[in-house]
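Enquirer: End of the sequence shown sits at 261 in UniProt numbering; the numbers just go up one at a time, nothing left out.
Lysine-lysine pairs mimicking DSSO-like chemistry, simulated, CA-CA at most 30 angstroms apart: (1) Lys243 to Lys177; (2) Lys177 to Lys229; (3) Lys151 to Lys132.
Each pair of labels, with its calculated beta carbon distance range: (4) Val98 to Ile51: 24 to 32 angstroms; (5) Ala67 to Arg152: 19 to 27 angstroms; (6) Asn90 to Ser38: 28 to 36 angstroms; (7) Glu174 to Asp8: 36 to 44 angstroms; (8) Pro29 to Tyr62: 17 to 25 angstroms; (9) Ser38 to Lys132: 42 to 50 angstroms.
Hints listed in this document are in silico derivations from the structure and should not be mistaken for laboratory results.
Just so it is clear, CB atoms sit at the ideal spot from N, CA and C, and this is done for glycine as well.
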Amino acid sequence: MSQQTLMDLAKGLSECRITVVDLTQPLEPQTPTLQLPSQFAASPGFSIDVISEYDDRGPAWYWNKFACGEHTGTHFDAPIHWVTGKDYENNATDTIPVERFIGPAFVIDVVAEVERDEDFLLTPDFVKEWEKTHGRISKDSWVLVRSGWSKRRNPKAFLNTHEDGPHTPGFHPETPKFLAQERDILGVGVETVGTDAGQAANFDPMFPCHSLMHGANKFGLASLTNLDKLPPTGAVVIAPPLKIVRGSGSPVRVLALVPKS
Numbered sequence: 001m002s003q004q005t006l007m008d009l010a011k012g013l014s015e016c017r018i019t020v021v022d023l024t025q026p027l028e029p030q031t032p033t034l035q036l037p038s039q040f041a042a043s044p045g046f047s048i049d050v051i052s053e054y055d056d057r058g059p060a061w062y063w064n065k066f067a068c069g070e071h072t073g074t075h076f077d078a079p080i081h082w083v084t085g086k087d088y089e090n091n092a093t094d095t096i097p098v099e100r101f102i103g104p105a106f107v108i109d110v111v112a113e114v115e116r117d118e119d120f121l122l123t124p125d126f127v128k129e130w131e132k133t134h135g136r137i138s139k140d141s142w143v144l145v146r147s148g149w150s151k152r153r154n155p156k157a158f159l160n161t162h163e164d165g166p167h168t169p170g171f172h173p174e175t176p177k178f179l180a181q182e183r184d185i186l187g188v189g190v191e192t193v194g195t196d197a198g199q200a201a202n203f204d205p206m207f208p209c210h211s212l213m214h215g216a217n218k219f220g221l222a223s224l225t226n227l228d229k230l231p232p233t234g235a236v237v238i239a240p241p242l243k244i245v246r247g248s249g250s251p252v253r254v255l256a257l258v259p260k261s
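From just these sequences and the hints, can you work out the full model?
Expert: So this is what it looks like as structure tokens:
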């Protein structure tokens, strides 16, 4: 790649020939977090407190302290997050090679299917049919599932938990293996609170997206938004997590570069 390639990118951004789309949900105390059964340790919600704000604690500066679990809001899942990915080298947020955070985006629209069935599962056959129209998913890419779920602004509706647990769309148990092994992608991204379907605790294997994707040294992005602003192909996603030593993930500002048509 020549220096001119980077200069062309910078010029495209400055001349608005490339649009930057923010795929990130705001992070605030109201941000919904994944709810686990009571026997497991719970992830705390997001909290923020003022350290000083142009006052006697700091007359010329404003800053805050915040606390949250690594997997809060729009966030990145590293392979070390799951037991199946714990033995890989460079599997944590501080050791993953940075070039692996950037890749082309393939955006699969399942909005109509999810409107009919909130427990819709994306199958390998559905992906293959999508590829017939949009082309084969390439190696080292992000596969983003546009479900429309991020339009649910109410936290209760977003988590959608009933007596038998949460009900949200996700991946059929065979799909993560297909995407990881047969398409060799970087990772997947979803609009729901986690990369697995709400009822995935009942699947075989349990939580197949976490188990199989991280078991293949792949990544996850959760709680994305604005996927309706991306084309099916042609965008590039940039999703670097915080460089937390031995971090299993982190809140992340996910950006997409989209050429103007």
